[in-house]
Amino acid sequence: MSPTTVTTKSFADQVRVIPGGEKLNVCFACGTCVSKCMIQQKVEPEYNPRKLIRMAILGMQEEAFRNPTTWLCSACDLCYPACPQEVHISGVIGAVKQLALEAGFTSPIETVSVDESICSGCGICGMACPYQAPSLIETQVNGQTDRIASVDANKCMGCGTCVAACPTGAISRAGVSNQEVKEQLYFAEPANGDPRLLTFICDWCLRADADVQILESYPNNVRVVHIPCSGRIDPEMALLALRSGIDGVLVCGCKPGECHYQRGTLVSSCKIGLLNRIFDQVGVVDGRVRFVQIGTMDRGRIRSEIDSMLDHLTAQKDVQ
Amino acid sequence: MIAKAKAKPKIALYWAASCGGCEITMTELGMDLVAVSEQVEIVFWPCVMDFKYSDVEAMADQEIDVCFFNGAIRTSENERLATLLRQKSKILIAFGACSHTGGIPGLANGYSRESILDVVYNTAPSLDDSAGTVPRLSTNMPEGEITLPSFYEHVKTLAQTVDVDYFMPGCPPVVEQVGAVLNVILEGKLPEPGAVVGVTDKTNCDVCERKAVGKSAVRIKEFKRPHEIIADPDICFLEQGIFCYGPATRAGCGLPCINGNMPCRGCYGPPEGVEDQGAKLLSAIGAIIEIETPEDVERVLDSIVDPVGTYYRFGLSDSILSTLKYGNGKG
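From first to last, the protein sequence lines stand for chains A and B. Residue numbers for the first sequence follow our numbering, beginning at 1 and rising by one. Residue numbers for the second sequence follow our numbering, beginning at 1 and rising by one.
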């Protein structure tokens, strides 16, 4: 690692003057933040806030800009309450990211894209996004000035909350587009007549490998669909699944305060909560769509949640 | 205004479970209606002209060129006429929100048949006499038996009852679109069957000119019902905390409600590709509420007085909810 020449001292100063970067220097590099971080465990071993802060302090600008830590932090702030020095780590990382963007670097994250021919410019996506990545712009579409959404790829973290919120299907993200999720909704009834359970699982709420293995241990009456965040869930998906004959839908997100994308789990609890009130008012479905919030300390809970749902569905089938 | 057709097409208009607004929109054509009546032969329009069901029964199959059918299917009489007019018509158009998606009558699908009849004939506060008198399918009188159509368990759309060729949404369809669709018919330029006509491709937000001031930063803190607030006529309703169906409603109406400073009510139905307008709207609105704690979620849910009426005002019959409750309408 070679230190950059001109901005050695001023890089740390530049970080400190950006709101969020103020407490850069009080970090004493204990690494508690790293132990809390889901990204290092699940996505990128090179991800390390402790090291990034050191780089910033030492003026290693180029290295900091190229480091995945700068780009992958979603500001979930799981680390913040754990920091003994009360450094708002995501704030510091955000300050480094801002400088990196100003220097011409771009985010490597899989972001959402807008189909201009479908977008009606309602702006729901911008209000839904935890990071205000989409905004409305006036642009030329088929030779006419039209108001449509445009996504700032450097702000988008790819959670898909906007994909679920978009009423026209104009926003999409590779891997979890409406079409790709719909294709996973339907599966055949097992020969033994066991109830079919569709489980949407947020990729962040299962911390331990053992939890992932639990999901793989169920027979073919439990279909698991991985989503980046429970905020990606659209109630229409649950309805389509039930209409196809699936007996129940379980949506798993993170505990409030631990959501990787800040508000996705609250958005989902609002949607599924309201869907259940609608079910009650119409007099259908009866607890067959459920939302659970699994905390980082809740190891093994996924099994009890799935089993409890299967018990409920079996009991309902027996009544019929 | 109205194009000239070579041969005079035979047109039928019928109303099932509806309020009559769709009939009024036809008369709103004004002098154009006179031009239309010279271009076509109206063979059945019980609301306006004197025809009997037996006149339709006497027709040959597919003798009617185009039938505009408004209203939902609520009674056995509605269904009988839907089946009869389907048989006698080359083209059957579900005209208006009620036949398209169930409309306001479709909201009854949140209740049982028995509870509705009980309110209407026994417990409504406006009744000063609850003698338990309820309509019966058959009553013997000295002059002979008199009958009534039966009242179904739930409200169906026209397409849940018979095959439908085109859908023309709206409560009611606006007169400009009625004129446009009549022209398309007279010119013989109807699209592929199954299409929604008298609409545009995008949603109402596309044509709404209200300012979306801070849409990328502002979320809804609380919902206000239209009577609780005097809405700013220039700013997006959602930004003002007023529930607006615009984002999840197909455009085509020309925004008479929004221009009258009332939020969109969703009567034009869902945009292309959306199967359940209420769920889609729920997904959109649920994502733009300012919620920071689980308590906020409960507070927001409690503030929505009538979730079904709020999210499924015109679409309950056509919704997946109704399919789950009553099975697939047809057959």
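In short, the hints are calculated from the structure, not lab data. Cβ coordinates follow ideal geometry from the N, Cα and C atoms, glycine included. Hints may contain errors.
Residues on chain A that point at chain B, a partial pick, calculated with CB under 8 Å [as the list claims (entries may be wrong)]:
id: 1; residue: Lys23
id: 2; residue: Thr139
id: 3; residue: Pro167
id: 4; residue: Asp234
id: 5; residue: Glu236
Structure-based check of each hint:
The criterion of a C-beta within 8 Å of any C-beta in chain B is not met by lysine 23 (chain A), whose closest approach is roughly 23 Å, and the hint is violated. Look at threonine 139 (chain A): its Cβ only gets to about 13 Å from chain B, farther than 8 Å, so that hint breaks. A hinted interface residue such as proline 167 (chain A) counts as satisfied when its beta carbon comes closer than 8 Å to some beta carbon of chain B; here the least separation is about 4 Å, so the hint holds. Nearest Cβ of chain B to the Cβ of aspartate 234 (chain A): about 4 Å, under the 8 Å cut. The hint holds.
With a least beta-carbon distance of about 4 Å to chain B, the hint placing glutamate 236 (chain A) at the interface is held under the 8 Å criterion.
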